[in-house]
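A.B. asks: So the sequences go chain by chain: H and S.
Sequential numbering of the first sequence, starting at 1, is according to the working numbering.
Sequential numbering of the second sequence, starting at 1, is according to the working numbering.
Be aware that a few hints might be false.
30 Å max Cα-Cα, derived DSS-like pairs, lysine-lysine [as the list claims (entries may be wrong)]:
#, chain 1, residue 1, chain 2, residue 2
1, H, Lys-10, S, Lys-52
2, H, Lys-313, S, Lys-157
3, H, Lys-318, H, Lys-55
4, H, Lys-9, S, Lys-52
Covered by chain S, according to a simulated footprint, are these stretches of chain H (three or more residues, beta-carbon under 8 Å) [claimed, not checked]:
#, stretch
5, 31-37
6, 58-70
7, 123-137
8, 236-247
9, 255-264
Bear in mind the hints are in silico, worked out from the structure with no lab data behind them.
Yeah, the Cβ is synthetic: ideal placement off N, Cα and C, and Gly gets one too.
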Amino acid sequence: MIKFIAQNKKFVAMVTLSTIAFILMLSAPQTVALVGQGATFPEPLIMEWIIHFQKEYNNITVIYKGTGSGAGVKAILSRTVDFAGSDAPMSPSEWKSANNRYGPILHIPETMGGIAIIFNIPGISSLNLTGEVLADIYLGKIEYWDHENISSLNPGLNLPHEKIYVVKRADSSGTTYVFTDYLSHVSEDWKNTIGTQRTFSFPDAIGDRGLSGYGNAGVSRIVQQTHFSIGYVEFAYAIKGNLTSAAIKNRAGKFIKPSLETISKAASYATQLPDPEECWYGVSIVNSPGEDTYPIASFTYILVYKYQEDPRKCAALKTWLRWIITKGQEYSESLLYPRLPQNIIELGLAAVEKIKTRTNVNTVSLLSITFCSFFTTYTRGGDYEHFN
Amino acid sequence: MKRLRNLIDKSYTALAACSFFILVLPLLHIIGSIIINGLKRFDLELITSPPKSLLSAGGGILHAIVGTAMVVFVAMIISLPIGFLTGIYLAEFARGKLAQIIRALITTIAGIPSIIVGVFAYTIIVVVYGFSVLAGGFALGFISIPYVVRSTEEALKAVPIEIKEAGFSLGIPRWKVILFIDVGYAKSRIIAGFLLALARVIGETAPLIVTILGGINIPSGLFSPANAIPLVIYQYALSPFKAWHDIAWSAALLLLIIALVMNLGVRYYLKIKAIYY
Numbered sequence: 001m002i003k004f005i006a007q008n009k010k011f012v013a014m015v016t017l018s019t020i021a022f023i024l025m026l027s028a029p030q031t032v033a034l035v036g037q038g039a040t041f042p043e044p045l046i047m048e049w050i051i052h053f054q055k056e057y058n059n060i061t062v063i064y065k066g067t068g069s070g071a072g073v074k075a076i077l078s079r080t081v082d083f084a085g086s087d088a089p090m091s092p093s094e095w096k097s098a099n100n101r102y103g104p105i106l107h108i109p110e111t112m113g114g115i116a117i118i119f120n121i122p123g124i125s126s127l128n129l130t131g132e133v134l135a136d137i138y139l140g141k142i143e144y145w146d147h148e149n150i151s152s153l154n155p156g157l158n159l160p161h162e163k164i165y166v167v168k169r170a171d172s173s174g175t176t177y178v179f180t181d182y183l184s185h186v187s188e189d190w191k192n193t194i195g196t197q198r199t200f201s202f203p204d205a206i207g208d209r210g211l212s213g214y215g216n217a218g219v220s221r222i223v224q225q226t227h228f229s230i231g232y233v234e235f236a237y238a239i240k241g242n243l244t245s246a247a248i249k250n251r252a253g254k255f256i257k258p259s260l261e262t263i264s265k266a267a268s269y270a271t272q273l274p275d276p277e278e279c280w281y282g283v284s285i286v287n288s289p290g291e292d293t294y295p296i297a298s299f300t301y302i303l304v305y306k307y308q309e310d311p312r313k314c315a316a317l318k319t320w321l322r323w324i325i326t327k328g329q330e331y332s333e334s335l336l337y338p339r340l341p342q343n344i345i346e347l348g349l350a351a352v353e354k355i356k357t358r359t360n361v362n363t364v365s366l367l368s369i370t371f372c373s374f375f376t377t378y379t380r381g382g383d384y385e386h387f388n
Numbered sequence: 001m002k003r004l005r006n007l008i009d010k011s012y013t014a015l016a017a018c019s020f021f022i023l024v025l026p027l028l029h030i031i032g033s034i035i036i037n038g039l040k041r042f043d044l045e046l047i048t049s050p051p052k053s054l055l056s057a058g059g060g061i062l063h064a065i066v067g068t069a070m071v072v073f074v075a076m077i078i079s080l081p082i083g084f085l086t087g088i089y090l091a092e093f094a095r096g097k098l099a100q101i102i103r104a105l106i107t108t109i110a111g112i113p114s115i116i117v118g119v120f121a122y123t124i125i126v127v128v129y130g131f132s133v134l135a136g137g138f139a140l141g142f143i144s145i146p147y148v149v150r151s152t153e154e155a156l157k158a159v160p161i162e163i164k165e166a167g168f169s170l171g172i173p174r175w176k177v178i179l180f181i182d183v184g185y186a187k188s189r190i191i192a193g194f195l196l197a198l199a200r201v202i203g204e205t206a207p208l209i210v211t212i213l214g215g216i217n218i219p220s221g222l223f224s225p226a227n228a229i230p231l232v233i234y235q236y237a238l239s240p241f242k243a244w245h246d247i248a249w250s251a252a253l254l255l256l257i258i259a260l261v262m263n264l265g266v267r268y269y270l271k272i273k274a275i276y277y
């Protein structure tokens with residue numbers, strides 16, 4: 001042994017050092033860690049929140065990774081996370097199966113998204129559109145930019161006689177969901193042919209005028225590079241990519257361009273929102289009333305378990321959630337996310353107060369498991385299946 | 001006749017040169033654009049600072065560098081002993097059907113798409129312990145095992161029989177001959193194989209997404225989630241923010257440098273050991 005060490009001093013030193021480093025890493029002071037995953041849309045904002053939140057509360061660590069809304073909901077169902085992000089509420093079947101296993105899943109809106117309709121017509125920097133016209137463009141009924149339905153909305157604008165290239169998302173996405181949700185609200189045709197979908201295929205009428213891009217970045221790149229094209233992206237991508245957005249006619253009859261204020265307005269008029277403990281499926285704030293409301297907007301939610309197992313984690317989670325819907329909102333606008341209006345903040349705070357530890361859940365479940373296994377082993381010949 | 005032969009000869013040379021350029025051009029383009037775009041933010045802050053607020057310029061990827069280091073460290077702890085011993089078995093003991101089956105299995109493991117290995121790690125580790133360095137290390141370790149096995153086996157097979165015989169003639173038991181004489185002789189090649197396996201897994205993205213999750217914190221231990229350089233590149237490149245795009249380019253440059261240094265380092269190491277790989 002001694003001979004071995006003497007012969008391999010370098011090697012032994014390296015091994016010792018790395019072992020020490022490893023042990024140090026393991027024995028780092030234990031903080032409460034909150035783990036979350038899900039929607040990619042709010043990820044930059046959540047990262048910003050985490051940076052500031054952890055400075056204030058240095059005994060809480062928050063980890064969030066954007067893996068997609070669908071993955072977030074799945075993580076909630078398998079309980080591999082403490083919270084999840086999702087652009088769409090859980091479906092009734094998902095919500096029920098989670099409710100049966102873990103108790104209610106609370107939906108807390110943490111920020112909002114707006115979808116900008118971006119276009120690329122050389123020489124034209126502002127365009128008015130209505131939901132019906134937009135649906136007709138995406139259904140292939142309107143083929144040229146100088147179609148009378150478009151030019152009647154834009155008096156004085158010299159629209160070219162060029163084919164419209166229509167751009168959509170190639171991947172399944174929350175952006176497409178909100179966009180199609182809006183079109184379903186304003187156009188019967190759209191509702192009956194395509195409806196509200198995370199992804200859809202172009203109708204035959206569009207033919208080779210239809211283009212698809214991966215992610216918001218992909219769609220904005222295609223629109224940037226293709227003259228006479230139109231597409232839809234998250235508001236932040238339209239601003240950061242210097243793309244021109246169309247003004248959309250809202251329910252009050254006004255043409256409104258997307259901006260942080262006009263998107264935020266969509267939530268302030270949201271009425272009849274369900275209780276946080278209920279299933280939020282079907283909640284939609286597209287085409288909301290209000291004079292200066294931008295009509296294509298949505299919430300993005302944090303999903304959490306009402307019943308927590310670990311009291312320390314429960315307290316940390318409540319602190320984190322309270323912080324993001326109040327203080328966290330101050331960071332939203334500089335990252336191009338709309339602020340939550342006061343009514344939604346209050347709703348969120350009420351939801352946070354509902355989170356609690358399930359008392360003695362461990363003792364009860366332990367006893368019941370012991371009882372069940374005893375019972376099944378000795379009376380039913382070990383038929384565990386029956387109790388699962 | 002001679003002229004025709006010359007012509008054919010020349011045209012073949014030209015064809016070969018052409019295909020070489022077709023092969024090399026995209027590579028040069030990739031390396032070139034990574035260097036040009038990556039140099040913008042390739043500073044000390046990149047490797048010494050965790051992410052900072054998007055509102056203040058700056059911030060780095062220290063969390064991802066530490067995460068990658070920890071995950072790869074765990075991967076090596078898992079794959080080196082298993083791969084090394086399997087390699088010895090295949091080179092020295094394996095005969096007949098069983099050996100063939102084991103070799104086929106190892107080739108199969110090498111052919112499994114890495115995301116599937118990630119999902120495997122997810123089902124047996126993440127579901128129990130949560131997203132963690134351990135799960136990521138397990139996935140990467142599993143991916144690198146075939147490389148370690150193969151390089152160990154090849155290295156041991158290249159040991160001249162005379163050297164073994166010299167050992168046996170002194171009455172040294174077989175296991176000692178293998179462990180001290182064979183492995184001693186093939187040491188540099190085995191180490192080179194380890195390093196190449198490491199270089200292979202350091203840029204893996206897919207299995208890490210489902211195992212270590214991510215986040216902006218420096219992992220506090222084996223059971224905490226972590227981030228990794230390829231994951232940061234993936235996330236930042238798709239964001240709308242220019243500052244993040246720059247960091248993604250620089251992180252790509254860093255990854256490129258790590259891979260180059262490791263590959264060239266191995267070549268140099270083998271050269272000074274006077275073994276051509």
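A.B. asks: Could you tell me which of the numbered hints above are not met by this structure, giving the numbers in increasing order?
C.D. replies: Numbers 1, 2, 4, 7 and 9, in rising order.
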